[in-house]
Amino acid sequence: MRIALYEPEIAGNVGAVLRLGACLGAAVDLIEPMGFAWDDRRVRRTAMDYIDHVEIARHAGFDAFKASIGSRRLVLFTTKGSGSAYDFVFQPGDVLFFGKESAGVPATIAQACDARVRIPMRPQVRSMNLATSAALALGEALRQTATLPG
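Residue 69 in the UniProt record's numbering sits at position 69 of the sequence shown, and the numbers go up by one each step.
Simulated from the structure, these hints should not be mistaken for laboratory data. Accuracy of the hints is not assured; some may be wrong.
[What the hints assert, rightly or not] Subject to a maximum C-alpha distance of 20 Å in a straight line, what follows is the list of computed EDC-like cross-link-like pairs (lysine to aspartate or glutamate):
#1 K100 to D39
#2 K66 to E32
#3 K80 to D114
#4 K100 to E9
#5 K66 to E55
#6 K100 to D114
#7 K66 to D114
#8 K80 to E101
#9 K100 to D63
These numbers come from a predicted model, not from an experiment.
Starting from the given sequences, assemble the full structure and let the hints guide the process.
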């Protein structure tokens, strides 16, 4: 299982997702450009020493990322998703894909995904924090595929 972040803008969110990947055994793909310098101290402060326990791949853009994942399914988590992530059937090789904090992903990239799902939430709010969304998504995907660590 992998987590992919499209053009992330907030260093602290990336650090939190790296820590999540380290704890649950998921590699993390970062699709550039990012909204901060990679050596931003906020990434390491949030990820702490967990950053040394996660596989990280950086990609020059979406096309390079897409080529790197081969035939793996790309599952986009979006507020525009048609079905609930809790009704979706995950597979162990899936790549859980999240857009940038301010704008998600462009329509052309959303169309390049194999599935578009949403995390159910109350209608009074717009969206969850990126790291929170990634944690909910990865937890459910690992639970369904019986690949939770420990």
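Check: Failing hints, ascending?
Finding: none
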